[in-house]
Each structure stands twice: as structure tokens, then as C-alpha cells.
Amino acid sequence: MKETAPPSTGDLALGMDALSASINRVAGKIQVIAEAVQSINQNRVQLEGKIDEAQKRVQRILSRLPEQSDGRQLNLLGEAIPPNNPEDDNEPTTH
1 MKETAPPSTG
11 DLALGMDALS
21 ASINRVAGKI
31 QVIAEAVQSI
41 NQNRVQLEGK
51 IDEAQKRVQR
61 ILSRLPEQSD
71 GRQLNLLGEA
81 IPPNNPEDDN
91 EPTTH
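Under the numbering used here, think of the first position of the sequence shown as 1, with each following residue one higher.
For the record, the hints were derived by calculation from the structure and aren't laboratory data. Any given hint might turn out to be false.
To be verified - Label pairs and their calculated CB-CB ranges:
#1 Met-16 / Gln-38: 26 to 34 Å
#2 Asp-11 / Gly-49: 52 to 60 Å
#3 Gly-28 / Asp-52: 31 to 39 Å
Every residue, glycine too, gets a C-beta built ideally from N, C-alpha and C.
Work the whole structure out from these sequences, hints included.
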């Protein structure tokens with residue numbers, strides 16, 4: 001049988017250095033992941049706010065809808081609509 005000699009102090013130091021370097025790499029990767037998670041959470045909160053605002057806008061628009069029996073023109077966006085002038089609707093005639 002062949003016996004192996006116990007590792008020398010130099011070998012242990014190299015092993016500890018390699019282990020320390022691996023731990024540092026893992027710690028760096030964990031930090032990057034933690035920052036990404038934080039960023040994603042901030043984005044999610046912002047998107048939730050935008051969704052809430054959009055839902056409120058949709059509710060305001062829906063509340064402006066006339067009854068189905070109402071034949072008036074819809075102004076869902078609250079934009080100014082110029083009055084309808086019947087004279088402007090006539091196409092020019094050629095005589």
C-alpha cells in the first residue's frame with residue numbers, strides 16, 4: 001500500500017487561498033443577484049402604480065359612456081370636439 005503524506009503548510013495555504021477566492025466569487029454573484037432582485041422589485045412597484053392609474057382612467061372613460069339608447073356622439077377622452085356645422089358637411093357642387 002502506498003501512503004500519502006499529509007499536506008504541507010504550503011499546500012494548505014494554497015487550498016485556503018483557492019477556497020477564499022471561490023467564496024469571494026460566490027459572494028460577488030450573490031451581490032449582483034440581490035441588486036437585480038431589488039431592481040425588479042422597484043420596477044414591479046412602478047408598474048403596479050401605472051396599472052392602477054390606467055384602471056382609474058378606464059373607469060373614468062367608462063363612467064362617461066352614455067346609455068345604449070343615447071345616440072349622441074361620445075367624447076370619451078374629454079377632448080374638445082368642434083360643433084357640428086351642417087353647412088360644412090356638404091360637398092361642393094360643380095355647376
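Indices of hints not satisfied (ascending): No hint contradicted; all consistent.
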